[in-house]
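Convert by adding 241 to the 1-based position in the sequence shown; the result is the number in the numbering used here.
Some clues are possibly wrong.
Stated by the list, open to error - Cβ pair distances, simulated, as ranges:
1. Pro267 - Leu307: 40 to 48 Å
2. Arg277 - Met254: 21 to 29 Å
3. Gly306 - Leu281: 23 to 31 Å
4. Ala291 - Ile250: 20 to 28 Å
5. Met303 - Met255: 47 to 55 Å
6. Glu310 - Ala265: 42 to 50 Å
By construction, these hints were calculated from the structure, which means they are not laboratory data. In this text, a Cβ means the ideal position worked out from N, Cα and C, and glycines have one as well.
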Amino acid sequence: MRIIKILFILIIMMLGAVFAVLNAEPVIFNYYFDSRPLALSLVITIALGAGVVIGILSGIGMVLGLKRENASLRQRERLANEELRNLRNLPLQDK
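Let's have the full structure, built from the sequences with the hints guiding it.
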């Protein structure tokens with residue numbers, strides 16, 4: 242399994258290198274205060290990286306909320322199990 246993982250990573254790295262070589266033409270990158278010529282592959286990689294970071298930041302709130310809800314439900318389950326155990330240990334009373 243480890244060899245497959247290493248091969249997968251090597252293939253991705255080779256595809257990235259081919260992508261960079263095939264898209265090495267300079268393009269003008271305009272930002273608010275200035276403009277600068279950069280390689281097309283670098284601009285695309287930066288845009289992809291920014292998209293990944295924005296996606297992670299937008300999803301982190303939902304993940305943290307679900308973790309908080311999960312902890313609350315585990316606490317409720319623990320209390321319910323404790324109450325059930327206490328009720329089972331009570332002696333039966335005859336009438």
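Now for the hints, and whether the structure bears them out:
Pro267 and Leu307 have their C-beta atoms about 45 Å apart, which keeps the hinted 40 to 48 Å range intact. For Arg277 and Met254, the hinted distance range of 21 to 29 Å is satisfied, since their beta carbons lie about 27 Å from each other. For the hinted restraint 23 to 31 Å between Gly306 and Leu281, the CB-CB distance of approximately 39 Å leaves it violated. Checked against the hint of 20 to 28 Å, the pair Ala291 and Ile250 passes, with Cβ atoms roughly 23 Å apart.
Taking 47 to 55 Å as the suggested C-beta distance range, the pair Met303 and Met255 does not conform, at roughly 35 Å. Between Glu310 and Ala265 the C-beta distance comes to about 48 Å, which sits within the given range of 42 to 50 Å.
In terms of the numbered hints stated before, the structure departs from hints 3, 5, listed from lowest to highest.
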